[in-house]
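Let chain A serve as the given structure and place chain B on it in line with the hints.
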Amino acid sequence: MSDISEQKPRTGEDGGGSSKEPAALGMKIEDLSAFYGSFKALTDVSMDIRANKVTALIGPSGCGKSTFIRCLNRMHEIIPGALAKGCVKLGDQDIYAKNVDPVRIRRRIGMVFQKPNPFSKSIYENVAWGARINGYKGDMVELVERSLRRAALWDEVKDRLKESGLGLSGGQQQRLCIARTLAVEPEVILMDEPASALDPVSTQKIEDTMEELRQRYTVVIVTHNMQQAARISDYTGFFYIENMGDPGRLWEFDETSKMFSAPDRKETEDYVTGRFG
Amino acid sequence: MPRETFQQELDRLLGEVVDLGREVESCLGTMSEALETHDAEVASGEIGVDAHYKERGAEIDEECIILQARQAPVARDLRLIYTVQAVTNHLVRAGTLCEHICQAIAETADAQRDPDLEAALLEMSRGARDLFRQGLDIFAARDIDRAHGLEAADDRVDLLYSEAMNLAVNPGKDGSGSPEWRVQAALTVHYLERIADHGVDIGERTVFLVTGERMESAMRQYRDRQLDQYDD
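Chains as they are written, first to last, in our numbering: chain A, 260 to 536; chain B, -7 to 224.
Any given hint could turn out to be false.
Unchecked claim - A partial selection of chain A residues facing chain B, derived with a Cβ cut-off under 7 Å:
#: 1; residue: 514
#: 2; residue: 516
#: 3; residue: 519
#: 4; residue: 521
#: 5; residue: 531
#: 6; residue: 532
#: 7; residue: 533
Unchecked claim - With a straight-line cut-off of 25 Å between C-alpha atoms, the simulated SDA-like cross-links for lysine to any residue are:
#: 8; chain 1: A; residue 1: 525; chain 2: B; residue 2: 137
#: 9; chain 1: A; residue 1: 525; chain 2: B; residue 2: 63
#: 10; chain 1: A; residue 1: 357; chain 2: A; residue 2: 379
#: 11; chain 1: A; residue 1: 517; chain 2: B; residue 2: 2
#: 12; chain 1: A; residue 1: 525; chain 2: B; residue 2: -5
#: 13; chain 1: A; residue 1: 517; chain 2: B; residue 2: 205
#: 14; chain 1: A; residue 1: 525; chain 2: B; residue 2: -6
#: 15; chain 1: A; residue 1: 525; chain 2: B; residue 2: -4
#: 16; chain 1: A; residue 1: 464; chain 2: B; residue 2: 61
#: 17; chain 1: A; residue 1: 525; chain 2: B; residue 2: 30
#: 18; chain 1: A; residue 1: 517; chain 2: B; residue 2: 204
#: 19; chain 1: A; residue 1: 517; chain 2: B; residue 2: 135
#: 20; chain 1: A; residue 1: 517; chain 2: B; residue 2: 200
#: 21; chain 1: A; residue 1: 525; chain 2: B; residue 2: 140
#: 22; chain 1: A; residue 1: 525; chain 2: B; residue 2: 135
#: 23; chain 1: A; residue 1: 525; chain 2: B; residue 2: 143
#: 24; chain 1: A; residue 1: 525; chain 2: B; residue 2: 133
#: 25; chain 1: A; residue 1: 525; chain 2: B; residue 2: 134
To be verified - With the Cβ distance kept under 8 Å, some of the chain B side facing chain A (calculated, not the full set):
#: 26; residue: -6
#: 27; residue: -5
#: 28; residue: 41
#: 29; residue: 61
#: 30; residue: 64
#: 31; residue: 67
#: 32; residue: 68
#: 33; residue: 69
#: 34; residue: 70
#: 35; residue: 148
Hints are computed from structural coordinates only; laboratory data are not their basis. We treat Cβ as the ideally placed atom computed from N, Cα and C, and that holds for glycine.
The following block holds chain A by itself, in its conformation from the complex (with noise of 0.2 Å):
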């Protein structure tokens, strides 16, 4: 199989700025397994994660949520030791297949972490600065401005864009990464708890971004606030350990109206009402 980037020219990609851009893609992920050397963190993932909808992946701390969300885009490897077998799919393609470039792949497949982490540079090129190194030759004052205006932060820093990043507040900040992500026009973003470190306001802000990002992009979000994935997303993933020691399974996965009304399995009733433990 060539390489998926190859198979797929994009907007961008080539350096061309067309304000074309790609459709959000689904992604389908099968039997899917994660390895910290001999340890397996996570078992047999299935999931098809819908395009244009938000999927929120929930589950008590360990149960493998993260190492999940961190293969479907080829971090997970990052980890020495680290391994994932299994099948995922951007569309049509195997992300996994041995000619496909892990950082093409984390080009089209955005992540945002829990912390902030913006770029010791201007607002500006924070956002400027990963679309620049993949050889975007379009209007970039156009695409910083878009990238922002997405993340909902616009209207903040318009007038200090020359201003550096690690100036802004914790939530602005993370709107930045957001933007910073969208920049380099991703297909699908990740987000791993990004509204954890935030104050309400900033974390109400973030959630109000995921109506917008829905529309262009297909979103998976890790979170442990159970009323945020209730608010936010279409479909939830509840991941768990039945034992101490085993791996990480995807316990339940439907509409989050489902999941949060009348869940199927008796663990998932009691994660999201409370009473687990």
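This is chain B only, laid out in the frame that chain A set:
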């Protein structure tokens, strides 16, 4: 268990609803007795209970709103609070209807009656009271296995309703029963049918509480299961 306080609040709420239900059930018993014995005094004793039921219903409703605001319930907790609010409404309305019937009994205690219509009324009264009690018992014990019998019992009450209404609008040749009594009897027939429906609804709400499924869907599954059993 985590959220122990919340669970205690839910348990208390559930207890309050069942207590209110038992009060209404007791009122239905008194009403049935007064209907049978034409006892105006007994019936009059229940006049005024409606205000009490409405007050309790409003208090329970308020508790539900506060719990939703404070605890952000989901899944079975959300279903419980939703069901409590719905069941409370059924209880209060059944109580109101019961008071209306008691009022009618008190006002027509000495009136001339139609024995056939009265017999139908008494049978309906027993059926409605039984259905209400069944619905409440199912809710209190969350015993949804019993819920599938409600529809058939309600069909019997509906049949009695048709018969009683027919008697009410087509008096016998002797014209027995005063017009005043006949009008009150027709209204009572209607109220009893509604009380039976409230009992059925309380049972069906319990199916949703326990399974998350609407009764129609649960009943369909139940019927399919029965057919499968016969196929075997």
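Evaluation of the provided hints:
no.: 1; hint: 514; in the structure: violated (13 Å)
no.: 2; hint: 516; in the structure: violated (11 Å)
no.: 3; hint: 519; in the structure: holds (4 Å)
no.: 4; hint: 521; in the structure: holds (2 Å)
no.: 5; hint: 531; in the structure: holds (5 Å)
no.: 6; hint: 532; in the structure: holds (5 Å)
no.: 7; hint: 533; in the structure: holds (5 Å)
no.: 8; hint: A/525 x B/137; in the structure: holds (20 Å)
no.: 9; hint: A/525 x B/63; in the structure: holds (20 Å)
no.: 10; hint: A/357 x A/379; in the structure: violated (35 Å)
no.: 11; hint: A/517 x B/2; in the structure: holds (22 Å)
no.: 12; hint: A/525 x B/-5; in the structure: holds (17 Å)
no.: 13; hint: A/517 x B/205; in the structure: holds (11 Å)
no.: 14; hint: A/525 x B/-6; in the structure: holds (16 Å)
no.: 15; hint: A/525 x B/-4; in the structure: holds (18 Å)
no.: 16; hint: A/464 x B/61; in the structure: holds (21 Å)
no.: 17; hint: A/525 x B/30; in the structure: violated (53 Å)
no.: 18; hint: A/517 x B/204; in the structure: holds (9 Å)
no.: 19; hint: A/517 x B/135; in the structure: holds (23 Å)
no.: 20; hint: A/517 x B/200; in the structure: holds (13 Å)
no.: 21; hint: A/525 x B/140; in the structure: holds (24 Å)
no.: 22; hint: A/525 x B/135; in the structure: holds (18 Å)
no.: 23; hint: A/525 x B/143; in the structure: violated (29 Å)
no.: 24; hint: A/525 x B/133; in the structure: holds (19 Å)
no.: 25; hint: A/525 x B/134; in the structure: holds (17 Å)
no.: 26; hint: -6; in the structure: holds (6 Å)
no.: 27; hint: -5; in the structure: holds (5 Å)
no.: 28; hint: 41; in the structure: violated (35 Å)
no.: 29; hint: 61; in the structure: violated (13 Å)
no.: 30; hint: 64; in the structure: holds (6 Å)
no.: 31; hint: 67; in the structure: holds (5 Å)
no.: 32; hint: 68; in the structure: holds (6 Å)
no.: 33; hint: 69; in the structure: holds (5 Å)
no.: 34; hint: 70; in the structure: holds (6 Å)
no.: 35; hint: 148; in the structure: violated (32 Å)
Of the hints listed earlier, those the structure fails to meet are numbers 1, 2, 10, 17, 23, 28, 29 and 35, in rising order.
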